[in-house]
Amino acid sequence: MPYLPYTEQEKQRIFREIGVSSLDDLIQSIPSSLRHPQILMSHGLSEIEVQRQVLKLGSRNTATTDFLSFLGAGSYEHFIPSAVQEMVARQEFTTAYTPYQPEASQGTLQVIFEYQSLMAELTGLAASNASHYDGATSLAEAALVALRQTDRTKILVARSLHPHYCDVIRTYLAQSSYQVEEFGFLAHGGLDLESLQKKLTPDVAGVILQTPNFFGGVEDLNGVSDRVHANGSLLIVSGHPLSFALYRSPGEWGADIAAGEGQPLGMPLGFGGPYLGYFVASQSLLRRIPGRIAGLTEDADGKRAFCLTLQAREQHIRRERAGSNICSNQALCALAACVYMTFLGKQGMREVAELNVDRAHYLRERVAKIKGFKVDLERPIFNEFVIHCSRPVAEICKKMMAARIFPGVRLGDYYPEFKDCLLVCATETKTGEDLDRFLEVLSQC
Amino acid sequence: MLISNDDRLSFEKSRLGRRSVTLPKGRLSEPLIASQVSRQSELAFPEMSELDTVRHFINLSRKNFSVDTHFYPLGSCTMKYNPKVNDWVARQEKFTSLHPLQPLETAQGMLRVLWELEDALKEITGMDRFTLQPAAGAHGELTGIMLVRAYHASRGDLSRKKVIVPDSSHGTNPATAALVGYRVVEVASDARGRVDLNNLKKVLDDQVACLMLTNPNTLGVFEEDIIEIARLVHKEGGLLYYDGANLNPLLGIARPGDMGFDIVHVNLHKTFSTPHGGGGPGAGPVGVKKHLIPFLPEPLVEKTKDHYAWVQHSEKSIGRMKSFHGNVGVLLRAYAYLKVIGKEGLMRVSEGAILNANYLREKLKDVFQLAVNEPCLHEFVLTLKKAAEKGIHAGDVGKRLLDFGFHAPTVHFPLVVAEALMIEPTETESRETLDLFVEAMKRIAFEIENEPDKVKNAPFTLPVRRPNDVLAARRPILTYRDLCRAKNTTEIAA
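Heads up: the protein sequence lines correspond to chains S and W, in order. Sequence positions in the first sequence follow my numbering and run 1 to 445. Sequence positions in the second sequence follow my numbering and run 1001 to 1494.
Just to be clear, a hint being listed does not mean it is correct.
[What the hints assert, rightly or not] Sample of chain W residues facing chain S (criterion: CB under 7 angstroms; computed from the structure):
hint, residue
1, L1023
2, F1045
3, G1405
4, A1408
5, D1469
[Stated by the list, open to error] Pairs of lysine-lysine, BS3-like flavour, derived with a Cα cap of 25 angstroms:
hint, chain 1, residue 1, chain 2, residue 2
6, W, K1386, W, K1442
7, W, K1343, W, K1363
8, S, K303, W, K1454
9, S, K56, W, K1343
10, W, K1386, W, K1122
11, W, K1161, W, K1290
12, W, K1290, W, K1343
13, S, K11, W, K1343
14, W, K1363, S, K11
15, S, K11, W, K1365
16, W, K1454, W, K1386
17, W, K1122, W, K1289
18, W, K1202, S, K56
19, S, K369, S, K399
20, W, K1454, W, K1390
21, W, K1202, W, K1235
22, W, K1235, W, K1161
23, S, K303, W, K1013
24, S, K56, W, K1084
25, W, K1305, S, K56
26, W, K1303, S, K398
27, S, K303, W, K1456
28, S, K419, S, K371
29, S, K398, S, K371
30, S, K398, W, K1305
31, W, K1122, W, K1303
32, W, K1303, W, K1365
33, W, K1487, S, K303
34, W, K1316, W, K1161
In short, the hints are calculated from the structure, not lab data. Positions of the beta carbon are idealized from the N, C-alpha and C atoms, including for glycine.
My request is simple: use the sequences and hints to build the entire structure.
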């Protein structure tokens, strides 16, 4: 069998050397009634057979590379420089463990430190952790931080936050005495600040919102943090991380925590994972940040060295008194994000953000001119916007799919009031030709 | 020199105007970014050429120990070889380029993989259904304990406030139970790290929601009384949770489901060979018995004839644990592993893990003292109590091993053993490697007697030596900006 070193003879020899005759002598502690259950599974295959089977299964999928894809809604098709994949494939990174032994993990630790530095810079906040499972769980942990920090009981969540993120926050808080309450959005999808103001009661620990919001609109959050802070609550802002290269960052809006999905920073769509939850907080929340954090220090010879730090917050030290149970991060995804951001660098980050805005704007302007479809041309956007359709969305999707286009996400699946709407995303991966093709087919729907 | 001494950050290698990637120049529209919503500060990212960037990261990768470069006998972490065909499968464009929200008809091959993986996990563990959403072991635990709570609540059984964990358990167990609002009751283990039945009986009552167990436990010893433990917990109306961290010696040998566990999580990055990634991503699917299926997170994959679909299966579901469908790239790797291993390979994997652990235990038992002197399963624990009398601690031995080219075992864990060194060789290592490790351990034992400073101050051959973690926590420098600020006030090693 592959992956195992011994021949049958070698194995028998080792059994003899340790003074037993077979495996059974070593598993006597397992009650015999439990031993050797019948397991229904297929026989093992050779590598070439596995590859063949997998290719066959893959052929039953239509990838976004087979069609033109305008799907977004929390998972974005972006250009990933070839070098990113090469760095992430380095087995010295992939087959290492969590960097508990800093001397044997300076590579991973420095990468995390640089990732933290880049994320802090991008979000405009002071301190980042080494990453979380994904955007949804990162926000759920942010909610918990707010509840503990303020010693209050309620979290306000914008209804224009990604519906999956809302769901996960609810799951995390459902089985406690904490409450989650939503506040609404206006007809154009932007935050309803009056609704927020009304709900800002003294029991509110934190307010969670997203910009660009789930509908793609960039929010003007002027004055929001003042109101939230005046109530003694924390402001938690989520959003597409590349948009922060061009639009105001969470820190610049006065957020206490930036938490959200880091997938656009160099991770493929991958049917939804593995992705990366970014979590960056203000200096005053430093010791409440959940998860791993790398720090810079000196070694015994006074040399620069990196290690995991502030570990007194964590489960392996605090056990039941820990603020979170997390004992890992998405290290490889953080590596991908770190390499991606370093490769793009200062100019590249801004340019890629500009290209997103450019492509989405072009598409939005042109859709507005097609009969039977309406878009809001006023709201600032990053790479996504809503199309209101005068005909059934299902029919339109069918026709677009027949023309080998994934037209976007059907908003009615998440918001009944938007049943006639498509959420459409155009990133830097789209050429003028691609966009014109979308418009041509749409105009025939 | 082989390993670069350059410890500069990318930020410190930056030169104004340099760049790696170029992007398309042409613009199609003229969007205006209104100043009230535009970014205020300049993005102070590094500016580097492509080669300088590549070299930066490749040189960093060389400052890591990894399974592919070093023996990594880290107890309870199952650092087995990560087969490359796993990565090949996960890299196929027909999987990596699937959008999580694309129509189901266009992702039937993908859904079939998830269905088949769930099927295999059910068979291997003896459970009735799995959710593949949890992103890690700790995330699986959180899911599991939420299921416990939802189950009791659905029966109107609201008085259960306690979760019992042995004092030999992983730190995530008590942290998870507390996060879901339970009071954690630690029960003292016996000398072999096993649950002491008398101690257990003392804390078992109708207040108990759940007992969380790792089996074999963190000393590599199987809970012989597991059937009786399950009976006692169930008699009081509690549930039994299986922490799958140590599943590696049980494949095809015994199943948590048959032992009486109601909920299990498995660590695909341990037992099922997907890499650890330097701390993640992993995956921690959670399996349950029939009575808990309605509470599983949604959605689940369902198969009708030859068609696969996501279903919102039950109103009692605890809800979503993660956006989309879990760490699919990790799930694909575990799928590939199980395809190669197959039914008959399962037991051979566990047999190999048990064989190697016992071989090492036998060879080391006269070098250092065993915490438990009996055959182990996948791992065993040494206690360095005697060395501690000379001022040498388990952690020091771990550091010294790095100089011999071996990653340190898990040190100072489990907490129930003084000066613990927890060793798990896994089935993929050969005896020649294990023999070299034994030689190193013997050499260190000699040094403890004759040259203790060598052990106390190790390692000597790595890029750094004993980073000062007290300083790191007292004066946190977590970003490049922090570093610049610190440089203005105090002297930092450059």
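Unsatisfied constraints (hint numbers, rising):
Hints 3, 7, 10, 18 and 32 contradicted; others consistent.
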